[in-house]
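Following the hints, complete the assembly by docking chains B and C onto the known chain A.
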Amino acid sequence: MKGNDEAGVSLEMLEKRILAILDSNSKISTLDLVRRFVNEGIAEERVIEAIKDLEDRDEIELDENFFMYDSFLQYIKDVDLNFWFYFTIVVVVGTLIMVFVVPSVWPFVVIRWVFGSLFILFLPGYALVNALFLRRGDLKDIERLALSVGLSLAITPLTGFLLNYTIFGIRLIPIIASLSIFILGMNFLAIYRKFRMGRSLR
Amino acid sequence: MKNKEVITSFIIILFLGFIFAQSYAIFGDSSYRTDNFANCLQDSTTIDAKINYTENEIITVLRTLNKMYQEKVIDESSIAPLVNKLNRSITLLNKAKREVFEGNVTNANLYVCLALNLTQETNQEAVLLYQSSMQNALRQKIIIWGMAPIASFITTLLAVGGYKWYIGHERRKILKTIISRKRGEE
Amino acid sequence: MIMFRNKNEKKQFITIFVMSLIFYSTIAYILTTPRPTEQFFQLYVLGSNRNFANYYPNNTNIIPLNTTVNWFIGVTNYMGSAQFVCIKIKLGNSTTSPPNTTSVTPSNLPEISNFCSILPNNATWEFPFSWKIIKIDKNIDSLYLTLSINGEKPVKITEVSAKRGTSFRIIIELWTLDLDSGKFIFGWKTYDKKEAAWTQLWFNVTETSIVSS
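Protein chains in written order, with the numbering used here: chain A, 386 to 587; chain B, 12 to 197; chain C, 2 to 214.
Extracted from the complex, chain A is given alone in its bound form (with noise of 0.2 Å):
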């Protein structure tokens, strides 16, 4: 049931506002849109919940703003923005120093199993899903989530299928090695082509 807001209006109601000004204008930033909206005395969270409202039903995209960005350095400084890729750095980074600084001891080994099992089962198939799939609505959050585990249930035992036909083995080391390397290849790919994707639709 969509109810009403302290200005009286509806979500349904905003919904066919949202779409109205939209129709009058191709593009236009969502900041600007709320603002609009805010002005009117209708709460943020409203015309956010709206917005996503709007975009599970696919009806309008959401698109990053490349025009707030002069560089590719200002964009990747954003960290709201690219929160994805720095987590990313910070599960491999935090991988590595449970791995080979921390030692294997109760109760640290717990900490140990969280990150290697992110480190395994989630974030090869992320960097991947992040670096095939660019934009926000290619994929949704549930869509993006499954992948990145499939994906990844896939790409490690690839990676240990090729390792055995090298000189490394398949040993700790090798492993960690060749899966840090995929892992932040792919997440700088996909930062790096989001940013040149993004400054294409300009």
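Honestly, the hints are just simulated from the structure, not real lab data.
Accuracy of the hints is not assured; some may be wrong.
If you want a taste of the chain C side facing chain B, the calculated C-beta under 10 Å gives, among others [stated by the list, open to error]:
id : residue
1  : Glu10
2  : Gln13
3  : Phe14
4  : Met20
5  : Ile23
6  : Ile28
7  : Met80
8  : Cys117
9  : Ser118
10 : Ile119
11 : Leu120
12 : Pro121
Here the structure is a predicted model, which means the values were calculated and not measured.
A virtual CB, placed ideally from N, CA and C, is assigned to each residue, including glycine.
Relative to the frame of chain A, chains B and C by itself:
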């Protein structure tokens, strides 16, 4: 001068007392050992009865060790010396039985008393080990169970805080986007 | 004190706390409760080079008189507790009934030697076992042996013989001390069930080995 003499005497007395205490700790037990062993040698009970008694003592020690295994309070490195002592006891007991078979009662008595003494010593150590192991195990259990509510509280704070942060993060991300009408499928 | 903005937040907090408490309590239970494990012994015999070969001198199981046969008998304790173990050595032939692991009954042959030790959990006890035929007696066509085990006093075995000296066997049985009864039993008790382990090695003796007395 008088004070110096008093202090020097006091220090010497302390030192002697310390030496005595250490020697009691080292030799005090052996006086017990000597008494037990001497009693056994002089005891007029038959060798067979002594052998049976020693065998029962060995079983008692084994039961104490196995109680530790059952309660999972075992420290394998502490058990090994006790087991070695028990095995030495068994060897002495076998020697005693052989001497009995060959009719050497005096030798048999000596061996069985050595075995009994060693077994009783091992029994004391096993009981002490069991008591300290049980205390350690109880302490561990209290710590582990006590950590459950603490971990739950921390997890809840992280989950609630994390969710709030995620909502804010989503909001900030959305505000940095460009919104457009979705084109139909081509 | 934690400040809640509204009732929903309070409900959320309590729900997550209760679920986490159940989860962590389960983990605490698993960590503090001992799990039942499989209980068994491992019994094996190795050859003179301490491997699964070279059981007989000159690689033949026809044992000449006064020739020492060197084996190593090993027992590993996986019972989850310290065990008082005895290995009993018996001599049998092709007709004597061996131990039965189904009914957990030992062979009814007399014991010619035994080796006993207390083993902690997960410990292996391996000891040398050497035997030698000191004398062979003949009665019609049955041969009787006098054996010396580990260089000790020879034991004359009158209950077991073999026609023309073929198909003697050394039977090795594992016995353990049952702490409930205080007696040694064949095999071991595990969770109110009895199991057993034994092994045997066959050998032959020839008439030409007999020294006329």
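Outcome of the hint check:
no. : hint   : verdict
1   : Glu10  : holds, 8 Å
2   : Gln13  : holds, 6 Å
3   : Phe14  : holds, 6 Å
4   : Met20  : holds, 8 Å
5   : Ile23  : holds, 9 Å
6   : Ile28  : holds, 8 Å
7   : Met80  : holds, 9 Å
8   : Cys117 : holds, 6 Å
9   : Ser118 : holds, 6 Å
10  : Ile119 : holds, 5 Å
11  : Leu120 : holds, 7 Å
12  : Pro121 : holds, 5 Å
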